[in-house]
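Residue numbers (my numbering), protein chains in the order written: chain A, 595 to 901; chain B, 595 to 901; chain C, 595 to 901; chain D, 595 to 901; chain E, 595 to 901.
Hint data in this document are derived by calculation from the structure and do not stem from the laboratory.
Some hints here could point you the wrong way.
Which copy is meant is left open, because identical chains are indistinguishable; a pair holds if it fits in one copy or across any two.
[As the list claims (entries may be wrong)] Computed list of lysine to any residue pairs in SDA-like fashion (alpha-carbon distance at most 25 Å, straight line):
{"hint": "1", "residue 1": "K718", "residue 2": "A682"}
{"hint": "2", "residue 1": "K773", "residue 2": "A627"}
{"hint": "3", "residue 1": "K854", "residue 2": "R840"}
{"hint": "4", "residue 1": "K887", "residue 2": "L710"}
{"hint": "5", "residue 1": "K887", "residue 2": "A810"}
{"hint": "6", "residue 1": "K813", "residue 2": "K823"}
{"hint": "7", "residue 1": "K854", "residue 2": "K882"}
{"hint": "8", "residue 1": "K850", "residue 2": "G740"}
{"hint": "9", "residue 1": "K850", "residue 2": "N755"}
{"hint": "10", "residue 1": "K813", "residue 2": "E774"}
{"hint": "11", "residue 1": "K812", "residue 2": "D706"}
{"hint": "12", "residue 1": "K813", "residue 2": "D852"}
{"hint": "13", "residue 1": "K850", "residue 2": "Q819"}
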Amino acid sequence: MNDRIREILSWYGSDNAGTRTNLARLLNHGRLAGTGRLVILPVDQGFEHGPARSFAPNPPSYHPHYHFGLAIEAGCNAYAAPLGFLEAGASQYAGAVPLILKLNNHDMLHEDKDPLPAVTGSVKEALRLGCVAVGFTIYPGSVHCGRMYEQLREIAEEAKNAGLAVVVWSYPRGSSLSKEGETAIDVVAYAAQIAAQLGAHVIKVKLPTAHLEQAAAKKVYEAEQVPIKTLSERVKHVVQSAFAGRRIVIFSGGPKGDDKTFFEEVRAIRDGNGFGSIIGRNSFQRPKADAIKFLQTVMGIYAGEIP
Amino acid sequence: MNDRIREILSWYGSDNAGTRTNLARLLNHGRLAGTGRLVILPVDQGFEHGPARSFAPNPPSYHPHYHFGLAIEAGCNAYAAPLGFLEAGASQYAGAVPLILKLNNHDMLHEDKDPLPAVTGSVKEALRLGCVAVGFTIYPGSVHCGRMYEQLREIAEEAKNAGLAVVVWSYPRGSSLSKEGETAIDVVAYAAQIAAQLGAHVIKVKLPTAHLEQAAAKKVYEAEQVPIKTLSERVKHVVQSAFAGRRIVIFSGGPKGDDKTFFEEVRAIRDGNGFGSIIGRNSFQRPKADAIKFLQTVMGIYAGEIP
Amino acid sequence: MNDRIREILSWYGSDNAGTRTNLARLLNHGRLAGTGRLVILPVDQGFEHGPARSFAPNPPSYHPHYHFGLAIEAGCNAYAAPLGFLEAGASQYAGAVPLILKLNNHDMLHEDKDPLPAVTGSVKEALRLGCVAVGFTIYPGSVHCGRMYEQLREIAEEAKNAGLAVVVWSYPRGSSLSKEGETAIDVVAYAAQIAAQLGAHVIKVKLPTAHLEQAAAKKVYEAEQVPIKTLSERVKHVVQSAFAGRRIVIFSGGPKGDDKTFFEEVRAIRDGNGFGSIIGRNSFQRPKADAIKFLQTVMGIYAGEIP
Amino acid sequence: MNDRIREILSWYGSDNAGTRTNLARLLNHGRLAGTGRLVILPVDQGFEHGPARSFAPNPPSYHPHYHFGLAIEAGCNAYAAPLGFLEAGASQYAGAVPLILKLNNHDMLHEDKDPLPAVTGSVKEALRLGCVAVGFTIYPGSVHCGRMYEQLREIAEEAKNAGLAVVVWSYPRGSSLSKEGETAIDVVAYAAQIAAQLGAHVIKVKLPTAHLEQAAAKKVYEAEQVPIKTLSERVKHVVQSAFAGRRIVIFSGGPKGDDKTFFEEVRAIRDGNGFGSIIGRNSFQRPKADAIKFLQTVMGIYAGEIP
Amino acid sequence: MNDRIREILSWYGSDNAGTRTNLARLLNHGRLAGTGRLVILPVDQGFEHGPARSFAPNPPSYHPHYHFGLAIEAGCNAYAAPLGFLEAGASQYAGAVPLILKLNNHDMLHEDKDPLPAVTGSVKEALRLGCVAVGFTIYPGSVHCGRMYEQLREIAEEAKNAGLAVVVWSYPRGSSLSKEGETAIDVVAYAAQIAAQLGAHVIKVKLPTAHLEQAAAKKVYEAEQVPIKTLSERVKHVVQSAFAGRRIVIFSGGPKGDDKTFFEEVRAIRDGNGFGSIIGRNSFQRPKADAIKFLQTVMGIYAGEIP
């Protein structure tokens with residue numbers, strides 16, 4: 595329990611010792627234990643995008659144990675997945691890696707401009723499976739956002755009483771937003787703020803572009819000259835937008851792309867005081883040995899061992 | 595506990611001792627303690643308008659502790675905010691300033707002519723955080739107003755049983771109202787009446803204009819020659835509309851503007867027997883020292899020390 | 595407890611002793627105590643029409659205690675109002691006049707051809723405030739009528755278990771009805787029947803005209819030569835439609851008009867075996883002394899002392 | 595909120611912001627506000643000893659408002675009493691003095707060598723009455739102690755969830771203890787430890803004598819040469835026994851005696867780092883003016899203004 | 595997660611992943627992490643024996659943080675204590691050492707030949723404090739044993755649903771047993787069996803002597819020539835009695851004695867396939883540096899590094 599971890603825990607002064615303990619477990623596990631940085635492996639794409647789109651590029655990844663193994667061998671801080679994937683391995687891998695139960699999910703068999711994921715798990719299930727946290731996705735910008743916020747409110751209250759942490763995926767999406775707007779810096783910063791105000795302990799957002807979506811916000815960014823030119827500056831602004839850096843904000847990797855670009859993005863997150871990455875497809879859609887090497891590089895960058 | 599406070603508490607004869615105690619705490623704290631006037635600092639704009647629009651003009655205000663500090667140093671009667679902002683400081687600042695947990699919130703990432711805020715907190719959370727009151731926004735005029743009234747009914751009943759006070763933000767808005775109508779004197783007076791009938795202890799409305807929105811009401815205002823020419827007269831009418839002055843009615847400040855105008859408005863509220871102001875952006879969007887000086891002037895006017 | 599009251603109570607054979615006790619309190623209070631007739635003061639217009647339209651014609655009526663005082667001094671059987679108005683005086687006036695808590699309300703800041711009032715109070719609140727009954731409005735003819743009936747069902751069940759009486763305002767309205775149809779004799783009689791079938795103890799309807807709205811009904815009224823020519827005949831038919839006179843049916847006064855006409859209507863109600871009147875605006879929109887004199891005349895007619 | 599109060603609150607790291615807020619209210623009220631010392635007025639003797647034994651020496655004290663007034667005028671930190679006494683004044687004195695609802699009580703109309711008080715209030719009542727804390731008596735040494743501990747466990751868990759503080763009267767008594775043993779230093783220190791282990795925030799014990807009751811303990815006190823000769827040393831030892839001074843320990847006054855002796859005891863409590871006194875009979879069994887003067891002297895000693 | 599830990603977890607096939615995760619946390623923490631051996635620091639003596647008897651020999655141990663520090667610095671697998679001691683440090687030390695909340699406790703202020711401890715904590719409190727397990731004491735041989743077994747049944751069921759482990763202190767005691775019989779080999783083996791049958795995951799017993807208490811048992815031990823001559827043999831027999839070694843059985847240290855003897859006993863436990871020790875007074879009743887050296891030796895013996 596070093597000073598950095600103690601400092602991070604001190605930001606959660608209204609949380610009980612149980613929740614703080616589980617945050618500590620998250621921060622003190624794996625290759626980045628004690629650095630205050632995190633790399634989390636999330637595998638909900640089977641549900642969200644379908645199995646072949648998710649696992650066919652690397653068929654061993656159809657197997658639920660594959661992902662436990664990957665998270666453990668690569669030294670990730672945690673593994674996050676929906677109920678089924680965790681149930682399929684939680685007992686065998688008990689205690690080997692912190693688990694996050696994703697409590698809502700959405701599939702692609704019906705199209706929604708304004709998505710409303712189904713609640714597919716519960717706090718009780720998270721306790722039964724030995725998780726350190728529950729995960730929940732909100733889509734600010736969806737016409738259903740109010741319902742998602744209310745579901746999150748109830749779940750978060752119950753989770754906090756039970757000593758669990760709350761991880762919120764905050765992904766702007768919906769008929770009020772342009773495609774470009776979903777990752778606009780003003781919108782991503784807003785999404786981080788909303789998650790923080792809803793009581794999230796850990797907030798996951800997408801990497802923001804320099805685009806400004808909302809006219810009213812645009813005026814302020816320009817008037818106040820908020821620095822958002824480089825990715826690192828934008829990360830800094832998003833982190834600032836989550837209670838001046840007093841909430842853990844991590845960034846998602848998106849679809850598998852070019853590794854060099856990815857590492858550059860990781861450097862920008864690191865230099866912008868982001869807390870880490872949540873890397874799904876880029877991890878499990880390549881052979882395991884490659885994935886581990888890839889993740890080791892990412893962690894090396896966060897740890898400051900790779901410049 | 596002076597006579598004025600005792601008089602105000604006497605208006606709440608159906609409330610239990612717990613709710614009266616928390617009303618007393620609200621009225622007996624800060625620079626205006628015991629005067630029967632209130633200045634409250636509300637900071638829900640991060641959620642309602644987005645972080646940059648709210649905090650970029652004064653970057654230290656991104657930090658959740660900033661607002662606790664501002665409310666305490668300026669001697670406000672209370673600090674009101676959504677769950678996340680209160681959680682981020684309630685333990686550190688326990689007992690230093692009365693807190694109001696805002697239980698519903700709405701964001702700008704989707705446009706609604708008829709807004710329906712999400713319920714983002716609970717009475718149990720308010721107890722856990724040591725609040726004196728819960729806050730709830732209704733939008734009379736929205737097609738969803740019925741649902742908001744019903745949510746408020748449930749929350750207010752639970753809050754009153756637990757000895758908390760209920761503060762209602764009553765903001766007419768929706769497809770049935772013109773933009774000008776949202777602050778029309780007949781509409782604002784009506785909004786105050788609705789909040790009072792729904793059982794609010796403290797009612798927050800916008801400052802009304804002399805515009806009359808509803809034809810049926812206009813006839814009566816003209817026939818009965820209700821005096822609504824000056825701002826002070828209009829404040830008096832709104833206060834009258836909230837049970838002949840037997841409910842605490844306070845007025846919101848709106849966007850940051852010219853200080854001189856603002857102080858004139860405060861004088862009008864004071865002279866019209868309004869109970870005070872709830873001042874967000876005008877407070878926290880300027881440097882702290884300025885904000886404190888500004889709030890001291892406002893409080894000085896209410897206290898009758900500044901003419 | 596005279597024979598007439600005992601007779602009326604005998605109609606409510608399935609109700610528990612608590613509900614009968616509260617019906618007896620209603621029937622045995624005020625100027626008309628023991629006559630089996632009722633005059634009730636309802637003041638929900640502040641919510642339903644707005645404060646100025648309701649109270650500006652007689653400004654003392656902005657004060658919540660005014661209406662308690664009026665009901666008591668005039669000797670009304672009961673005072674009915676929404677939560678806020680009752681909360682503002684129930685403790686001070688405890689035991690001085692039977693109270694009816696109106697559990698749903700609707701405002702004019704948005705227009706609905708098919709209104710659905712919000713539920714703004716609860717049975718628990720009615721017990722807390724010492725009420726003898728809860729009041730509930732249904733709008734037969736509204737597309738939302740089913741939801742209102744279901745809300746009433748739940749509330750009535752809870753109220754009856756708690757020993758309270760149930761007063762139903764049954765006002766046909768909605769896109770399926772012509773304006774004239776809202777007070778058509780077939781429609782008003784139907785509204786009374788629905789309220790009775792839903793389990794109301796006391797039913798409040800508007801005075802019916804001789805208009806027949808529904809084709810299918812019209813045929814029967816004509817074939818069977820149901821007497822509906824005079825107001826007194828129509829009242830008799832409405833009372834008959836509410837279980838052959840074995841439910842208490844009272845009639846609402848409508849907007850303030852000509853007193854002489856009003857008294858004629860009261861005579862028609864009396865002669866048609868109606869049980870009384872519920873008189874709001876005609877009472878509180880004139881100076882108190884006038885109002886008391888006016889109400890005394892009404893009660894004198896019902897008591898048979900004024901022909 | 596000065597440093598001493600912040601330090602005391604820091605000892606309660608597992609408590610939520612609500613409980614800390616109420617502890618702060620207790621510590622920041624009255625003449626000793628902010629000193630970290632407390633004087634509490636408890637009036638449960640009417641129940642525990644009977645009315646004449648309690649109130650006949652000063653007949654105005656039969657009136658429940660007398661004690662609210664005395665606590666307020668003398669500047670006590672709080673007033674503690676059973677349900678009835680608090681109900682009889684909590685609304686009138688709302689917000690004027692922190693209240694503690696004593697949740698169990700025992701009377702003298704039956705003799706028990708091993709007392710088991712009845713639970714006479716609840717956490718919900720404490721919220722309804724606006725209390726900052728609940729009070730509970732345990733009698734370690736009674737054959738019924740297990741049942742009392744279990745009652746306290748349930749009450750404390752509920753109180754802490756609702757943001758209230760827990761004050762435990764820990765009075766050794768029962769067939770296993772000699773009369774002298776009830777105030778023996780080993781026994782009183784043990785009683786303080788038990789209350790602390792059961793989760794009390796504030797612990798009330800009797801002033802200990804130098805007697806050692808338990809043979810096994812006596813050996814240790816002698817072997818380790820625990821200093822217990824002076825009252826001040828004994829107070830220090832009791833405070834140490836309550837988590838090395840990290841729980842608030844206050845001392846009860848006992849029956850009315852000689853004032854000079856009493857002030858000497860207060861000095862010993864002060865010098866032994868005791869946190870204050872809870873003074874019932876010595877306060878209310880004398881004329882009010884005398885009582886206030888007496889309490890002012892006690893508070894002056896605690897504040898360090900009287901040597 | 596090595597093979598030995600996986601093997602141990604495999605014995606708990608009916609437990610959910612949460613409970614297994616918490617058992618893994620217990621087994622994988624501290625100096626003995628991964629060895630399948632445990633040394634636990636228990637500090638309930640303040641409650642069970644009184645503060646001076648427990649802490650006066652080493653006064654810093656009055657402070658609740660002392661024990662967290664000792665457990666962490668010495669590398670114990672866990673720290674077990676009653677509610678108050680855990681509440682006093684769980685937030686500050688969140689995540690630094692696995693915690694066990696002892697849910698029942700008994701004090702010495704009244705004498706019981708047949709003790710029945712009070713339930714002083716709950717599973718919900720254990721979750722709130724971030725514990726890996728709950729602890730519960732049973733006294734087989736007490737006339738109250740049935741009640742304790744039933745309390746344990748309820749607690750264990752709730753704990754297992756919430757993913758916690760259950761540690762049972764099984765201490766034969768009561769009017770049916772001679773003093774010598776409390777540690778007789780037949781009785782201790784029987785106590786281990788009872789705890790295992792009640793569903794304990796971890797069982798704590800005292801070191802057994804070669805005495806045989808029960809006549810009926812004695813016959814069998816002699817007829818079957820159960821080897822119980824050496825301490826190591828007796829440990830082996832007790833472990834065998836707890837499901838042939840498929841439950842974790844640890845041994846308590848008793849009062850502080852001679853270190854050399856103690857280490858011999860630890861060797862006997864190790865060689866008899868006992869899983870470890872729970873060492874209270876021998877740890878905290880000596881200066882911290884000594885205690886750490888002492889515990890390091892114990893752990894060295896268990897780890898097989900010290901012969």
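Hints, verified against the model:
Proximity of K718 to A682 under the C-alpha cut-off of 25 Å is found in both arrangements, the shortest distances being 17 Å within a copy and 23 Å between copies. Taking the shortest Cα distances, K773 and A627 never come within 25 Å of each other, neither inside one copy (36 Å) nor across copies (50 Å). Taking the closest pair of Cα atoms, K854 and R840 never come within 25 Å of each other, the shortest separation being 30 Å inside a single copy and 36 Å across copies. In this assembly of identical chains, K887 and L710 lie within 25 Å of each other by CA distance neither inside one copy nor across copies; the values are 36 Å within and 47 Å between.
Proximity of K887 to A810 under the C-alpha cut-off of 25 Å is found in neither arrangement, the shortest distances being 44 Å within a copy and 28 Å between copies. Within a single copy, K813 and K823 get their C-alpha atoms as close as 16 Å, which meets the 25 Å cut-off; across copies the closest is 35 Å, which misses it. Within a single copy, K854 and K882 get their C-alpha atoms as close as 19 Å, which meets the 25 Å cut-off; across copies the closest is 44 Å, which misses it. In this assembly of identical chains, the alpha carbons of K850 and G740 never lie at most 25 Å apart, being 32 Å within a copy and 28 Å across copies at closest.
With identical chains, the CA atoms of K850 and N755 are never at most 25 Å apart, being 37 Å at best within one copy and 39 Å at best between copies. For the homomeric pair K813 and E774, the shortest alpha-carbon distances inside one copy (18 Å) and between copies (24 Å) are both at most 25 Å. Proximity of K812 to D706 under the C-alpha cut-off of 25 Å is restricted to the inter-copy arrangement: shortest distance 20 Å between copies versus 28 Å within a copy. Proximity of K813 and D852 under a CA criterion of 25 Å is satisfied inter-copy only: 19 Å between copies versus 35 Å inside one chain copy.
Taking the shortest Cα distances, K850 and Q819 sit within 25 Å of each other only across copies (19 Å), while inside one copy they are farther apart (33 Å).
When the structure is compared with the earlier hints, violations turn up for hints 2, 3, 4, 5, 8, 9 and for no others.
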